[in-house]
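Visitor: Dock chains B and C against the given chain A, drawing on the hints supplied.
If you want the building blocks of each chain, they are given just below.
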Amino acid sequence: MPGRQLLMTFPVTATSHTLADYRGRGGYGTLQKVLAEMKPEQVTKEVAASGILGHGGAAFPAGRKWQVVHLDDGQPHYLCANADEGEPGTFKDRWILENAPHLLVESMAIAAYALQVRNAFVYIRGEFDLPYRRLAGAIDEAYDAGLLGERIMGTGFSLDLVAHRGAGSYVCGEASGLLTSLEGRKGYPRNRPPRLTVRGLYQRPTVVNNVETLSNLAGIIAMGAEEFKKIGTAKSPGTQLVSISGHVVRPGVYELEFGYPVARFVYEDCGGVLGGGKLKCIVPGGISTKVLTAAEIEPVTYDHASFQKAGSGLGSGGMIVIAEGTCMVRLLQVMLRFYHHESCGQCTPCREGMGWMHQIIDRIVAGDGRPGDIDRLIEISEANDGTTICGMGDAAGYATVGILAKYRDEFEHYVLHKRSRFDGRLEVPLHA
Amino acid sequence: MKHLIPEFERIKARYPAGCESSLVLPCLRRIQEDRGFVADSDVDDLVAWLGVPRIQVEEVLSYYTQFRRKPIGRWHVQTCRNVSCSMRGAERLIDHLSGRLGVKPGETTADGRFTLSTVECLGSCGTAPVVVVNETYHEDMSAEKVDRLLEGLQ
Amino acid sequence: MPEIFINGVPVEAREGATVLETALEHGFYIPYFCWHKNLSVAGNCRLCMVEVEAESGGWMDIACNMPATKGLRVLTDSDKVKARRKTMLELVLKNHPVDCGVCDKAGECMLQDYHYAYNGAPSVSTVPKVRATKFHELSQRILLDNERCVLCSRCVRFTREISKSHALGIVDRGDHSLVRCDELRSLDDDPYADNVVDICPVGALLSRSFLYKSRVWYLDATPSVCPGCARGCNVDLWHRKREWKLNALDPRHNACIERVTPRENAEVNGPWICNTGRDLAKFLERPRALVPMQKGREADLTAAVAAARALIDAAKHPVALVSSWGSNEELAAFKAALGTRFRTLVKPDRLAEPGERIEDDILIRADKNPNTRAAVELFGDAPVALDEGTDLVLVWGDGFDFARLPRHAKTILLGAFVAPENGHADVFFPVSVQSERAGHYTNFEGKVSAFSPCFPRPPRVVDAETLFARLGTPVAARSGAAA
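Protein chains in written order, with our numbering: chain A, 1 to 432; chain B, 1 to 154; chain C, 1 to 483.
Chain A with its partners taken away, still in its complex shape (with noise of 0.2 Å):
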């Protein structure tokens, strides 16, 4: 495994999701010291002193998400898990939900204390129907156990747990549209402000964090911050669950503690790129990050500084290999099909937007190309940018600026010659 492992440490196996496997590994422990010996205040304290960021794609402080909240205010909290893991290339909340569900029930009910909150909820995609059993199933085992409900072990906290289904809407994923699903209506992302840590979820504050970044949490109250901060990078304390797949000889979920070389990652623990060919580039965290060639990844370890001066981001940490041969227009299709697909219509930029880039380059695939249209697919990337009621415009402009930026010449081809340069296929080209 590359580096220290804070999550993944424990074999998967037939029974290893449950509450009696979970517990044989000490679980409920570090709940049962936070509710006897820790104020509410004093949790948020460490989780600050930790330095983690969020695991969601964001990458921002979850404590300083969580000290906005004000303990006294005498109006209902709300904590929400996002399951909703829609990003294309990311997996590794479905890790969390199938293999360790305790893990997050557990990592819940302590940040549910810190944030004084009695109502909390995983909002989980409704595609994942494994993951959903599994955590229903931990849910209902934490409440027969007395971990959840009324007087959690006996002691006076409160808390009850439901997990939230979605059904098919990619900006459920972003903490906004998220609540707005939660509510009962379409999944609608929100201007800000206010905040949703002032006025979320029915207008009350909420906190909403990743299903990995909650997770974490356990860990670094039963460690403490000091000694999780000696994980990984200074800027970047901790581990991160990668998602890896695409050309790759052996996908799947890894645990990377932060500052792991990306190349050794891609080419050993991985196994480098099927059909023995080469690499051509990855997508480093979602289609919403911006491509690395396979050279820009040789110095890039994996944390938010070293991806930042790369010119890319860590993303949802889904990364996605991609092989040489791979026709780079081809891809972009894929994408743009994508945003379009799951464009939720309020914002003319992206509801106008997504529409046109998925026309332009349907028509520059079919080998009815023309000459303005690389341009136009630019210019509208920047129409998006910053320009958005959430963040899905600007990730669909940043892929495709991403991917013009390094592979335009692959779209002029295109548009001149009406076909690929390669065979056209995103398969593992067989004569890389």
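To be clear, the hints were calculated from the coordinates, so they are not data collected in a lab. None of these values were measured; they are calculated from a predicted model. No residue lacks a Cβ here, since even glycine has one placed at the ideal position from N, Cα and C. Among the hints, a few may not be true.
Once the Cα atoms are required to be at most 25 Å apart in a straight line, the calculated DMTMM-like pairs of lysine to aspartate or glutamate come out as [claimed, not checked]: (1) C:164 to B:40; (2) B:12 to A:385; (3) C:80 to A:382; (4) B:145 to A:385; (5) B:145 to A:427; (6) B:12 to A:141; (7) B:12 to A:150; (8) B:104 to A:362; (9) B:70 to A:362; (10) C:129 to A:72; (11) C:164 to A:183; (12) C:213 to C:172.
Just so you have them, the derived chain A footprint on chain B, three or more residues with Cβ under 8 Å [as the list claims (entries may be wrong)]: (13) 23 to 32; (14) 49 to 60; (15) 79 to 87; (16) 99 to 106.
Examples of chain A residues toward chain C, derived with CB under 10 Å [said to hold, decoys possible]: (17) 38; (18) 41; (19) 169; (20) 171; (21) 195; (22) 233; (23) 343; (24) 350; (25) 370; (26) 379; (27) 387; (28) 388; (29) 422.
Guide: Relative to the frame of chain A, chains B and C by itself:
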């Protein structure tokens, strides 16, 4: 839908008071599990029980990809065609399924057994290509595997 | 009151105001589609983006949701802002059908205006426009063209927040989103529905009764007051401009109400009216009574006045039922001229029709008459009751059941419209309607609103105000008048 109300009441009890609107999605999902789709009468009944504006339920049904207002085949065969799945053969798989079932994506076989759909990323990229039949993920699929899978479905 | 800077100019913002509100209040125009001062902030059109100057580098964001915080420096007209507006308009144009040539909204369309002000260039798109439903019958009264719709959601928010009918929503998603009505009910059940036609910034929501009637630039708007109920909503009556009269057609086409829109009055109706007000032409344009009559025979006005005066002089127990549609001026004139002579009762000219909403906490009042308050202040609120001793009844306006007339009473009738009773009255006078004269109504809260004339009075029709003065002159004072 009315026979589901006791179940809905149990679900409602888990949500905080005043948050009844949140029940729209879980109730619709349960109705669809039960009937196979959401009928107009189900919408009427849900609106009557829950007290939300009918337009809200109509919007939700039209917005989310998983809800349907018409019945489909007994087996809903959904193939992801997003990036990683396409890179591991999903496009050929879809063509294969289409040819084998004799329908295009979005259509149902004449005998009512299979409905074929293409969907976006299912969060199973590491085991691509993935095919979901009704609720179940079938991972690391290939043409041969999907043929065997279909044969096993009545 | 925080001080902010707009284009370098310091302005005082109201506590809690946004940058957009502050800018508009201080005369800095920022274009917008989805914002409306009476609706919640949606922030979806992205047209109102402004530039914020800050030492840390500055940024751009929508102004409608930007709190005006102390010291904020915004630019509403910088090159960046102009470029951004142009881009947003280009994006709206991408799928917009641009069928202004056949669209009623032309001439009062926000998209048209903004296009010429901030874009002005043809569409740069080289892909086909997304097609959607045109001529969708949203209701009996309203037509929806989804291609023109810019999905600003004003109409949806209106039905959620103002009329509270929750009739409208947006279904599907992305660029195939569609405004739609609740499947079961009809938008016709929402008595405020037509307001969405006003607030739609483009020609997506159109009034079916106004469809293709006239280009708006051929019309003038005359201020008036809706007589539909005691709220007295202020309205604009739209009619053809004199210089654009249609010579070839029936002249009545040039003297009719083409449409009715709200005239904003913060104290009375805000920017809204109900559908009854939209249809007020129904009240005012019924077939008109055009000549004075005596017992059904056409009479000369002087003779009719003389006959009426004689009846008034001779009566021992005269009762007058004054119209609650009479203007403040007309009612005062009645009081001055005839108030002491007649036992005067205030008559509700109109009652609610079957299916008409009686009252709500939005605008509609149970009293379906515009000036009951002024009438009651002058004449009291005794119910209309005629005892057998009554020997002369003066009925002014609609709403009296002539079966209740005491058997031997004489009648003087003042009415604007054709009715069977007109021919039975001892004396009948045809009177003008509110669109033919100036006047005021007093609403149920005592707020006074003015209406102005927009049509000429038919030649032999009289103004009730002057008629009362003539009727009230006592016989003895009529020196030289023919007896």
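Visitor: Confirm or reject each hint.
Guide: Each hint, compared with the structure:
For the given pair, residue 164 of chain C sits about 23 Å from residue 40 of chain B by alpha-carbon distance, which is consistent with the 25 Å threshold. For the suggested pair residue 12 of chain B and residue 385 of chain A, the alpha carbons sit about 41 Å apart, so the restraint of at most 25 Å is broken. A hinted pair counts as satisfied when its Cα atoms are at most 25 Å apart, and residue 80 of chain C with residue 382 of chain A qualifies at roughly 13 Å. Restraint check for residue 145 of chain B and residue 385 of chain A: the C-alpha separation of about 43 Å exceeds 25 Å, so the hint is violated.
For a cut-off of 25 Å, the pair hint linking residue 145 of chain B to residue 427 of chain A stands: about 18 Å separates their Cα positions. For the suggested pair residue 12 of chain B and residue 141 of chain A, the alpha carbons sit about 20 Å apart, so the restraint of at most 25 Å is met. The hinted pair formed by residue 12 of chain B and residue 150 of chain A meets the criterion: a straight-line CA distance of about 17 Å does not exceed 25 Å. Between residue 104 of chain B and residue 362 of chain A the alpha-carbon distance is near 19 Å, which keeps this suggested pair within the 25 Å criterion.
At roughly 30 Å between alpha-carbon atoms, residue 70 of chain B and residue 362 of chain A are farther apart than 25 Å, so this suggested pair is violated. Taken as a hint, the residue 129 of chain C and residue 72 of chain A pair is broken in the structure, with Cα atoms around 53 Å apart against an allowance of 25 Å. With a C-alpha separation of about 19 Å, the suggested pairing of residue 164 of chain C with residue 183 of chain A holds against the 25 Å cut-off. Taking the CA atoms of residue 213 of chain C and residue 172 of chain C, the gap is about 33 Å. The hint is violated against a cut of 25 Å.
Using a Cβ-Cβ cut-off of 8 Å, 6 residues of the stretch 23 to 32 of chain B lie near chain A, which meets the minimum of three, so the contact claim holds. With 4 residues having a Cβ less than 8 Å from any Cβ of chain A, the stretch 49 to 60 of chain B passes the three-residue criterion, so the hint holds. With 6 residues bearing a CB less than 8 Å from a CB of chain A, the stretch 79 to 87 of chain B meets the requirement of three and the coverage assertion stands. Chain A is given as covering the stretch 99 to 106 of chain B, and this is violated because 0 residues of the stretch bring a CB closer than 8 Å to a CB of that chain, at least three being needed.
A cut of 10 Å between beta carbons decides the hint on residue 38 of chain A: the least distance to chain C is about 36 Å, and the hint is violated. Annotation: interface hint on residue 41 of chain A violated; nearest CB of chain C at approximately 29 Å, more than 10 Å. The interface hint given for residue 169 of chain A holds, since its Cβ lies 8 Å from the closest Cβ of chain C, which is under the 10 Å cut-off. Taking 10 Å as the C-beta contact cut-off toward chain C, the hint placing residue 171 of chain A at the interface holds, the least distance being around 9 Å.
Restraint check, residue 195 of chain A versus chain C: the minimum CB separation of about 12 Å is more than 10 Å; hint violated. Interface hint status for residue 233 of chain A: violated, as the beta-carbon distance to the closest one in chain C is roughly 26 Å, over 10 Å. At about 4 Å, the closest approach between the beta carbon of residue 343 of chain A and any beta carbon in chain C falls short of 10 Å, and the interface hint on this residue holds. Given hint, residue 350 of chain A at the interface with chain C, holds; its Cβ is 8 Å from that chain's nearest Cβ, closer than 10 Å.
Restraint check, residue 370 of chain A versus chain C: the minimum CB separation of about 6 Å is within 10 Å; hint holds. Among the interface hints, the one on residue 379 of chain A holds; its C-beta lies about 8 Å from the nearest C-beta in chain C, closer than the 10 Å criterion. For residue 387 of chain A, the interface hint holds, the least distance from its beta-carbon to any beta-carbon of chain C being 6 Å, beneath 10 Å. A distance limit of 10 Å between C-beta atoms decides the matter here; for residue 388 of chain A the minimum to chain C is near 7 Å, and the interface restraint holds.
Against a cut-off of 10 Å between C-beta atoms, the interface hint on residue 422 of chain A is violated, since the closest Cβ of chain C lies about 25 Å away.
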